[in-house]
Structure formats: structure tokens, C-alpha cells
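Chains A and B, in that order, give the protein sequences. Following our numbering, the numbering of the first sequence begins with 23 at its first residue and continues without gaps. Following our numbering, the numbering of the second sequence begins with 9 at its first residue and continues without gaps.
Calculated from the structure, these hints are not laboratory results. Do not take every clue at face value.
What the hints assert, rightly or not - Simulated pairs of lysine to aspartate or glutamate, DMTMM-like, Cα-Cα distance not exceeding 25 Å:
1. B:K151 / A:D312
2. B:K102 / A:E277
3. B:K103 / B:E163
4. B:K76 / A:E209
5. B:K162 / A:D312
6. B:K162 / A:E151
7. B:K136 / B:E189
8. B:K162 / A:E277
9. B:K162 / B:D183
10. B:K27 / A:D312
11. B:K76 / A:E277
12. A:K208 / B:E163
13. B:K301 / B:E50
14. B:K181 / B:D113
15. B:K181 / B:E148
16. A:K76 / A:E277
As the list claims (entries may be wrong) - Beta-carbon label-pair distances, calculated as ranges:
17. B:A96 / A:R228: 23 to 31 Å
18. A:G148 / B:S309: 17 to 25 Å
19. A:G148 / B:G43: 22 to 30 Å
20. B:A96 / A:R40: 44 to 52 Å
21. A:L157 / B:E302: 34 to 42 Å
Since the structure is predicted, the reported quantities are computational estimates derived from the model, not experimental observations. Just so it is clear, CB atoms sit at the ideal spot from N, CA and C, and this is done for glycine as well.
So the chains spell out like this:
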Amino acid sequence: MHDQFEEVESSLDSVSLRSRAWSSLKADKIAFASVVIVLLLIFIAIFAPWFAPKKPLYQYPDGLSEIGAPQGPGKHFLLGADQNGRDVLSRLIFGARVSLTVGVVATALASFIGVTIGAISGYLGGWVESILMRLTDIVLSFPILLFCIALIAVTGPSTKNVVLVIAFAYWTYLARIIRSQVLSLKEREFVIAARSLGLTTPQIIRRHIIPHLIPTIIVYSTLGVATSILIEASLSFLGIGVPLPQPSWGEMISEGQKYFQSAPWLLVAPGVTMIIAVLAFNLMGDWLTDLFDTSSMGVKR
Amino acid sequence: MSAQSNSLLSVADLTVHFKGKGGLFASQPVKAVDGVTFEIFEGETLGIAGESGSGKSTLARALIGINKPNSGSISVRGNTISNFSNSALRPIRKKLQMVFQDPYDSLDPRFTIAESIAEGLQIRNLPKSEIKDEVRALLETVKLPASLATRFPKELSGGQRQRVAIARALATKPDLIICDEAVAALDVSVRAQILNLLQDIQVQTGISYIFISHDLSTLRYISKNVAIMYAGKIVEYGNSDEVLTNPQHPYTRALVSAVPNISGQKGEKFKSVGEPPDLANLPSGCAFNPRCKESLATCSSEAPKLVTTLSGSQAACHLIKPYEDSGFHKGGENHA
């Protein structure tokens, strides 16, 4: 009888997510690699001055050959030098700062707006829903990149504006998805049961709605980081992203493609870095979805 | 038929209409529940039967405050409300609980069994130590081993989940539990176990049930009185043995004769033809008249009222000669 009592007790404490996360990471090598890459990227971005072997903005005289061509990858410049004699690796490392900041902050902002608007309009319905969803439709009807270009043209290019513009364009996707999920969740019998038990609306949203949205939020936020990195790169490529001379991956690709034939590393280095970063975020999203997935909830230890 | 002196729940002229689609071509409101009146006494079970779309589930959801009634009144132990705002409904909601049809959906898959049951207890603001004791006691009441407390719903069978749903409903100490097709999703042997469990709990606690089902044999087994609903109205009401063996209303007769007979005898068949009516566009007069073989001229012009029949039950049909027109089916109790 005493054992049974303890089982009741331990079940009331939440199941340790940490232990499940760890065991699934040990089993899944791809997930493990993606998490390591994402953590490494974040770490490198934060401590960029310690990791960068050279100054990202300094034009090294020995970065160019006698005829003025950039030096290829070698002992001195690990990933080569660019057309101005700057170190590509150092620029990539400082560029990670810009890309990740823009990606993560813009997505966090977009997710917050999207989940709030989606959950409110889905759960409350009525005229609140009509107004919020028509607003979403209006924002959604603009082509994202064109919309960003127009907004930047008005607000002027700066890192802060790039973040705000991407967040303002991206929240609509999440709002729609969250709303449709809430619409079906609120008709589920366990939500109706919770209502009949007498739980208040905020309690129901917190206990029975939001936890079921977590996989969706995580998948679309992770995809959102990847998408935001790409949008930022596109904006920088078009010359209206993060202002010069701050290094960003998009700007490096934009400059590099001009010298692609004579100095391919100028395009390959930022391109491959960006592919790895975007892929890592997407794969980490997949792993997190599996981790939060209801169907694996019952299998413990 | 002992303690039935105290009226527990009485519902008067309850109406639940759903608005039709808005806009230029706004349709008529859907009359899901239309003027329903009944009364339940302490420790009693009322069965509600009717085909899909007859308003059974909407009635149940209106009683627990999920669907807002448009008019009428609900009173629990003499505490009457006719203004169905959230604050007015709250004290009544606590007294009424529901067990749902689908045990695979009525428990949150992210909650352990103990957490699901504890949710009803937390509403009562019990301290954590008492909650644990109560969860254990409730698992015992529904005859589940305490070792299931740490499991998730997906690890349990349908019957076990339905027991958990009953435990969760009992946690708020309700006076009445509405079982909306609560055994329809279970196989026959489990169904009998759950019905017996519900009856045991009723004997122990004196709780009342509203039992909604399309299965007439289940209703006859578990309920004292039965109400037959058609198109949002009660068309026949009375002692379940009486109503189900000696049906008066043509619709009840059609329902009863549709039940397969184990002896294979083909009795008199009262087949009804056609489809259930469109609730937004009901036929005039008696809603059943287009499907009724015995309909009279008055049936399509005048809606029949519930009258007490010779057998003591009540039916709303022009064909039935009232035994004594009491006009209100409380009279049924006196003549039974």
C-alpha cells in the first residue's frame, strides 16, 4: 500500500523532460549533430571576438597578391581573404552574430505575436476572430520579400529594422496555424471536460491548449529561424540588410558572387556556412517535435 | 423506489437555438433543444433516447453550461437560474458533471491518470497532501489499481479510461453525472461492468444520473424514467419499463421496434420512413408528422402537447386520448 502511495505521489510531479531529451539525443546521431551545431553557432556568435583569428574589418595588405587578387585559403588566411584583403573566416564568425541575432530575435518576436493572436482568435471566436484574421490576411497577402524591401525603404536599413520587418512579415503564418489548431483543440472532449470541471478560460488555455501547441510552435519557430536567416541574407544580398561594413553572410555572398570565377571561396565559404546553419535549425526542429510528441509520452525510461 | 422525495434538478421549458449562418442569406436558427421540461429526484436515473440530431447531447451540454440556453430555467436543489451568464452558471456547474462518449479523447493525453483525476480536486482547493489521498480513494471507488496512477491514458484500455473519467467527474462531489453515450464506445462485457459500477456508486452515494443513449436496452437496465426526444422536444416520458414495453408515441414505437430481438421473432414493425428533419426548417405542427403513418389532419397544423396516457406515461401526440389532462408530466408520478 505504501508503494502505491508513492506512485501516486511521483506521478503528480511532472515527468522529467530532461531525462527523455538526453536519452533520445544519445540514440539519434543526426539530432545530436544538429543540436551540437546550433549550440556551437550560438556559442561562436556570442564569443565572436575570442574565436575570430583576425579583425573582421581590417584590410590586411598581405591578403592581396601583387596583382591585387585575393589570397586563397592557406596557412595565413584559413578560408582565404576577400577582394579587400579581409579575413573571410573572421568575417564569417562575426557574420554569425548578425545572422543568428536577426534569426532568433525576429522569430521570437514573430512567434509571440503569432501565438497570441492565433490563440485569442481561435479560442474566443466571434468578432474578435474576424478582425484579427482579416488583419492577418492583409499582411499575408503581401509577398514577403517585396514587403520587407518596401518597409526597409521607409524605415531605413539597420539591424533593428531588419529584425522588426522580418517579425512583422512572419507572424502571420504562425497565427493562422495556431488558430486552426486551437479551433479543433477547444472542441476536444478533454477541453470540454475541463470546462465542465469549472476551470477558468486562462487555466484551460494554460493547462490544456498551450501544451498541445508546443510542437507546432517549436517546429514553426525553428523553421522561422532558418527562414529569417535566409530573408536577412536576401535583404543583405540586395544591399538593404544589415548596413555596411558590418559583416553578414548575405552581404558576403553578394560580394563573393562577383569574383566567383577567380576566387570561388568567397562564395563557397558563406554559402556552405549558411546551408549548415539552416539545416541544423531544421533538423533540431524535427528532433524537438519528436521529443514533445504525444505518442511517445507514454513510453518512459 | 425509496428516497425520491427531494427534487434535485428541474428543467423548465429549456430552449437552445443555434444561430444560422449570418450574412445576406441568413438561415433560420437551428432549434436543437426546443422547450424541454423534466425533473430528476435524488438518487434517480433519467434515460434520454432519440436518434442522432434529436438534441440529446445539446441538452446535456446546456446543463453543464457548454452550450448557452436561449430561454427557460434550470434549477438545482431549488437554486433556480434563468439568466445563463458564466457567473450565474458557476455554482450550478459544480453540482453537475459529465462523462463523455469517447474515452480516447476525454482525457488529456499529456496528463497522467492521477493528474487528470486531481484536476477535479484542485477546483475544490484541497491541499496537496489531501489531493493524493483523494486520488487514491477515487481510484478505489472506480475499482482501478493505484498502480495505474502514473500511467498515461494511451496505456489504458477503453473501459479503464472510462473509469478514470468517472473518477474525475466524482472528484468535484457532484449531485448528478450526465453520461453522454458513456458506454457506446465500449464492448458489451465492459459496458455491463461500467453500468454496474455506476449503479454501485449510486447506491453508495445517492448520486443521480442522466443517461443519454441510443441503446434502449441499456436505458431500460439503468434508468427509472426515460424521456424520448425527437427534433429537440420530449415526445414521450415516463417509467422506463412502461415506455419501452408499451410505447404510446408513434416515434417511440418505431424506435422500440427497431431494436433487434434475440428470439428472432418478427413482431409488429412500426417503421418510420424518411429522414430526421432539418432542425432549421422543421415541419409545421408535430415535427414527426411527415414520417408518421398515422398522421391526422391536425398533425401538420397544431403541435401536440405532452399529456398523461392511460398507461401513466406522457406522450405528445394527437392520437393519444389523455387519461387526465394534467398538462404537466409531474402528474405521471402520481398515477404510476
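- [ ] Check each numbered hint against the structure and report the violated ones by number, ascending.
- [x] 1, 2, 3, 6, 7, 8, 9, 10, 11, 13, 18 and 21
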